[in-house]
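Build out the structure end to end from the sequences listed, making use of the hints.
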Amino acid sequence: MPTTSPVSEQGQQAGPAAAAQAATRSTRGPTRRHDPDVAGLGRPRALAFVAPALLLVSVFLVFPAIWTLYLGLLDYSLTGAGAQALTFVGLGNYVSALTDPQFHRSLYLTLVYVFGSAVIGQNVLGFLLAWFLSRADRVVRSVLTILVLLAWILPGSVVAFLWQALLDRRNGTLNALLGTTDQAWVLDHPMWVIVIFNIWRGTAFSVLLYTAALTSVPRSHLEVARMAGASSWQQLRDVVLPTIRGHILTNTLLITLWTFNDFSPYLLTAGGPDGASEILPIYIYREAIIGGHLGFGSAISLLLLLTNLVIAVFYIRLLRTRSRGQEA
Amino acid sequence: MKRLSVRARAAVGGIAAVALLAGCVGAKETGSSSDPTANASAKEVTLVISANDIKGGKNAAEAAWIEDVVIPGFVAAQKAKGVTAKVTFNGAGVEDEQYKTKLELNLRTGSGSDVFATDGIWLGELAAAGYVKPLDDVVGKAASSWDGWGQISEAVQQNLTFKDKRYGIPNGTDGRVLYFNKKLFAQAGLPADWQPTSWADIIAAGQALKGIKGVTPIQVNAGVPMGEATTAQGFLPLLAGTGQPLYDDAKGTWQGASAGVKDVLDFYRQVYGQGLGDPRMQQDKAGRDQSFAEFSQGKVGILAEGDYFWRSIVCPDKTECGATSMPDRDSVVGWAKIPANSPGAGVNGQDFVSVSGGSGWMISPKTAFPQQAWELLAFMASADMQTKLSQAQIRVSARKDVNDATLKGDPLLSFISETVLPITTYRPSDEHYNEVSLAIQQATADVVNGKSPQEAAATYEKSLGEAVGADHVAGQ
Amino acid sequence: MTPVVRSVVAKIATYVAVCLLVVFFALPLLWLAITPFTPQPTYRVSLSGFTLDNFAQLGDNPQVWPSIRNSLVLAGGSALVVIALASLAAYALSRVQVPGRDQLLYALLLLSSIVTGTAAMVPIFLMLFQLGLIDRQVGVVLVLTGGLLPAAIFILKDFVDSIPRSYEESARVFGASASQILRHIVLPVIRPGMATVGVWALVQVWGNFLIPYVLLADPRKQPAAVVMYTFYDAGGQPDFALISTFALVYSVPVVVLYLVVNRRYGFAFQGGIKG
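Protein chains in written order, with this note's numbering: chain A, 1 to 328; chain D, 1001 to 1476; chain F, 2001 to 2275.
Just so you know, the hints here were simulated from the structure itself, not pulled from any lab data.
Each residue gets a CB set at the ideal place from its N, CA and C atoms; glycine is no exception.
There may be inaccurate statements among the hints.
Here are the in silico distance ranges between beta carbons for each label pair [stated by the list, open to error]:
#1 F/2107 to D/1043: 53 to 61 Å
#2 F/2048 to A/115: 41 to 49 Å
#3 A/188 to F/2052: 35 to 43 Å
#4 F/2006 to A/174: 29 to 37 Å
Written as structure tokens, this is what we have:
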């Protein structure tokens, strides 16, 4: 995982970062009960600030989501006789899902997809790019930024064509470049294709987030570190990464969640030859929309959500133990 | 304490909003029983038509026909009666699956259009869900006394009939044949007027074509990515050639792992297991488009498809057919009836078989203007309007009089209309058809991937049982 | 290895890596750059000729410009609403301590993943029908914003949390009111975060097909993401000329917007009252 070394070593050596942070802490003034409301916002105003978002979220997010989850308890379909009489099947959908070997395969494929393309791929590449771009010259920065961004901004349907043109068996660009004719990349290596595709497509968000995050690293800290003789790599490890730890967690959580629900590989492989790349969102689509079993699809959505929850708890625990080591 | 109250207030606010909504929802969804005479004498009428056509895109000719011919014509006709009609067309150009889902949502809430286009195979699901009602219930007597019914054959009417009741007016129909490339046939020593009389003939022709380098001898649709095209163009015509239809109307049973089904799957094995077909193309998401492109480039010998292929894929007109257009179509592309497994083995003892489908127009039961919607429907299905549609885009109309007049110039379409339609079969309009079709697609995929026909048939029967219930699966 | 050699090797390695990255990201984009100008485009990237006919053909199509305008309205509207509401909420949630804030946000995030999936399509449609928001662009904006807000707040809270208390304390000492602090201190500091959220929200809505397609009936209200799907010819074959050209035209506004935002607000906040 990307955040292994820097924070754990923090507790062991009093690096330049610790010194800098201690210095800041001492200027905070007389210690009293920690009240974050330094601006004097006040509870009523805070509530007013949160209210619009809360209202919108309750109506347009929470309500439909709960409704959808409720559908998971029904044998619900949009057409056919099942659409008229709503039969309550309780946990029946969940039992069918958990005993379906295709569901297990889909879950496994999704985990591979998420960890390969998001947690490792986009996260690491995104951070490295952000770090590199922050100190690269303008030309390189502009070119790379535009390219990376284009990959992300272009709508899914366009990107599907781009990659079909790239990987096409007869007319594809890749085959033309490599001299391999008739190589069906999508059919032979579906998981590799969608992992690389997702790295290509989604790294831009990590770059954006980490670029913004890097600006919150106070330059003074880096100066202190550099004057103390730290190399570029050590600055990265001891100053930057600990400071943006919150951002790392946020980014990892978000892209894990989004990749888990990412439907775009469908446009490339439609679930791969014979389900070889049928990740959970595609499985849900196939069951719920093409097959018409909306109740079943909703149940699987909940299972997907629970998987995400477990992984998120894991992330948070992982980073919390690190931070405790640091504060010592 | 103070902290709790902020959080509590926020929570209460959120829950209140949600509860309020929960109370509102469900109140509106009342099934209003349609009254055929509602607004029958209204002087101002608003109607909305929707179809999966869009100007400048998918099915552009039909979209243009609706917007530029039908709507002005209808508005003028209504004006002559002293009625001001406002008719709008909500077009779309998306995949059928997405159009269908949106259609279902709109029908459920009654928020969609008054008149809409639908594929015949969706009728079973829509009717069973209560989203559409028979014409007699929605429109009343005017529907059954329409004179146009006489021009539409019983078989074609079946396309939009469910449980012996008419639900809409068919817009057109089609037929499936075997297309072949005469140039490649000449190279392989096969006749230009090729007409196979058995499956063995097809395989033999494929073997002859195998010798030509860079050519795929036979393309019979298989696999899941091609969707319904696998079932309708590949599996079902072959199954019809084994004597029993997929669904027995009288008994209400579907064929499971029967001898006929196994024979069809064995045919697939012969094609894909002996190098007579391209298995990779059946697995590719864009496989169907690829097969069209390859045929248009002269790289496929025999292709089983509907007349849609002739008029919208390989037609000489580049603006219509784009990259797959074949300027020399009329001299290079031949066609043949699909044979039964052996002479006389087809349904009804036929030597040759086919499968037909088609779309049509229906009325939403929740429309505010049932009588006027019916008038619009009848207007669209009138000889005059259908002729104009055929002139905009040549096709096999549902109406015999229109076909007689417009198809003279097109050899294939006349062939379809005169020779194929009389021997064709239609897909069952049962609500489970969609799921059965998926099971069939999977069975063909299994065979293409190397499973034996026995295995694939067994898996198919299992999925079939799950879809329709074990008691609706025909015994062996 | 001497330091000089090491730095040279490092430089070369960096250049090679940069080149590989450029190739990696640029390769699929080649089709988009070349095909709109090719006479008879297919999947093949070929420099067989140069023509602007495809653009003329695109201009003839009645759907193109209205759809771009619709996309701007929907995406821009959603992005603005998301930035505004998320910033306020993130600030309030950060300064006035709410126990379990992160857990609540993450729970909302999880729910948002359901709502943006295909399974929620039916409840959303039925709910909007009850609210009378079918075929209204406002309805689309509200639904999409609802789905985007949890993540936006989640992202922004990190930025708000990282504002040193000393800034606000000093401002308080000098008699600034809460709203002044918000306007003059907090918002400028979290601008990079707001820009990130804004761009992200805009891109999400720009490319969203399902919600606008399902909720909007009138084709003239449809955004470009939906209209993109209609560029198939009569036979259902993709019309590469229109698709590639439209894809190019479709991408331009978003890239321009990003560059503008980057120039004006910047993702890198230089200067300020740092120690």
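>> Please list, smallest to largest, the hint numbers that this structure does not respect.
In response: Result: no hint breaks.
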